[in-house]
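K.L.:
The lines below spell out each chain.
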Amino acid sequence: MNDHEALRSLKGRYFRTMDTKDWAGFRRVFHDDVVIDVSGSGGEVITGADTFLAFLTDRIGEVITVHHGHTPELEVSSATEATGIWAMEDRLIWPDGSRLHGFGHYHETYVKVDGSWLIRSSRLTRLHMDFRPANGS
Amino acid sequence: MNDHEALRSLKGRYFRTMDTKDWAGFRRVFHDDVVIDVSGSGGEVITGADTFLAFLTDRIGEVITVHHGHTPELEVSSATEATGIWAMEDRLIWPDGSRLHGFGHYHETYVKVDGSWLIRSSRLTRLHMDFRPANGS
Amino acid sequence: MNDHEALRSLKGRYFRTMDTKDWAGFRRVFHDDVVIDVSGSGGEVITGADTFLAFLTDRIGEVITVHHGHTPELEVSSATEATGIWAMEDRLIWPDGSRLHGFGHYHETYVKVDGSWLIRSSRLTRLHMDFRPANGS
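Chains as they are written, first to last, in our numbering: chain A, -12 to 124; chain B, -12 to 124; chain C, -12 to 124.
The following block holds chain A by itself, in its conformation from the complex:
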């Protein structure tokens, strides 16, 4: 599998393992020292895959989530380094019925370690977010 195919599959696993709550599989898409920046989406900057996993399972462990990624712009800059920008859409449905529906872009870097591509950093920028409260129409 060439690098572009492998990078697309990596992001496919990121989305699928997160939304199906396969947390062990989700952990494996990240470099140990991954930097996740969701400060543009009301969040913070988190360093470390284990820290991010703890953060995420706390926030969405009981939430139905659907994350989709589109039309990546990938650039492989060396045998072990690549960058990518992905359009994204996400939906969160909390147990009380409240919902978040958002749109934006992931700006990412990847590293190849022992033959496998991993997410090294990810920064989320937003185009728009809709929030609907639990009793909303």
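Everything labelled a hint here was simulated from the structure, so no lab data went into it.
Everything hinted at is true.
For chains that are exact copies, the list does not tell them apart, and a pair is met inside one copy or across any two.
Pairs of lysine to any residue, SDA-like flavour, derived with a Cα cap of 25 Å:
{"no.": "1", "residue 1": "Lys8", "residue 2": "Glu62"}
{"no.": "2", "residue 1": "Lys8", "residue 2": "Thr96"}
{"no.": "3", "residue 1": "Lys8", "residue 2": "Asp37"}
{"no.": "4", "residue 1": "Lys8", "residue 2": "His94"}
{"no.": "5", "residue 1": "Lys99", "residue 2": "Thr4"}
{"no.": "6", "residue 1": "Lys99", "residue 2": "Gly35"}
{"no.": "7", "residue 1": "Lys99", "residue 2": "Asp19"}
{"no.": "8", "residue 1": "Lys8", "residue 2": "Ser85"}
{"no.": "9", "residue 1": "Lys99", "residue 2": "Trp10"}
{"no.": "10", "residue 1": "Lys8", "residue 2": "Asp19"}
{"no.": "11", "residue 1": "Lys8", "residue 2": "Asp117"}
{"no.": "12", "residue 1": "Lys99", "residue 2": "Thr70"}
{"no.": "13", "residue 1": "Lys8", "residue 2": "Trp81"}
{"no.": "14", "residue 1": "Lys99", "residue 2": "Glu(-8)"}
{"no.": "15", "residue 1": "Lys99", "residue 2": "Phe39"}
{"no.": "16", "residue 1": "Lys8", "residue 2": "Ser26"}
{"no.": "17", "residue 1": "Lys8", "residue 2": "Gly89"}
Keeping the supplied structure of chain A fixed, place chains B and C upon it in accordance with the hints.
P.N.:
Just chains B and C now, with coordinates in the frame of chain A:
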């Protein structure tokens, strides 16, 4: 065209021919003995492309449908066999105005026959489904 | 980067630069003589990249937009010519709160000029459009 490109195009034709109701084109993406398993989505297991086509045109022939597929995880295991997992989203709008909006994953196998990839089996799992009745808000 | 990868990245830039209103970047994805046909979506046929850019910034310069593209069916017919069909979904949110949400397909041609693929023509067909007025539920 390499196998990964051909498999992505195959699934693109699947979605486009279904949603534009090009049923002759839709038939051609399937192996004759395809197994379609939508039991995880309130349906059943259907064997055979002609049987599936009859089932589907009966169910959605008069329904506006939009099906989208995302971030496939493809694996080509031999010269004539491959597997893929696709994230998906679908919308159905019935003539009476009722709507279904769903999210999930297709888990598929493919076979290459006479130089062309075909869908050999497809199983749909769901993350979530919203149904809105005809007089819904 | 091979032609298929380059064509996907081109369309990725088209969507991203439009939705982030990077109009200089948006201009660079088009051939000077591009033909844009949105007559199937209540619009018209526009010829010329500069004319199209002026049209578009007038129409959506102050509108939040989200455009996503899916499952392209790409065919590279020569060293400098290609075609593609993309499934699409778009959302427009006007300053007054009114919204358009649509689905369809782009039918496109591409040309390679000085080593870079450009959009040569694009025709939008629609599966469905929902319009919600400013005071809608």
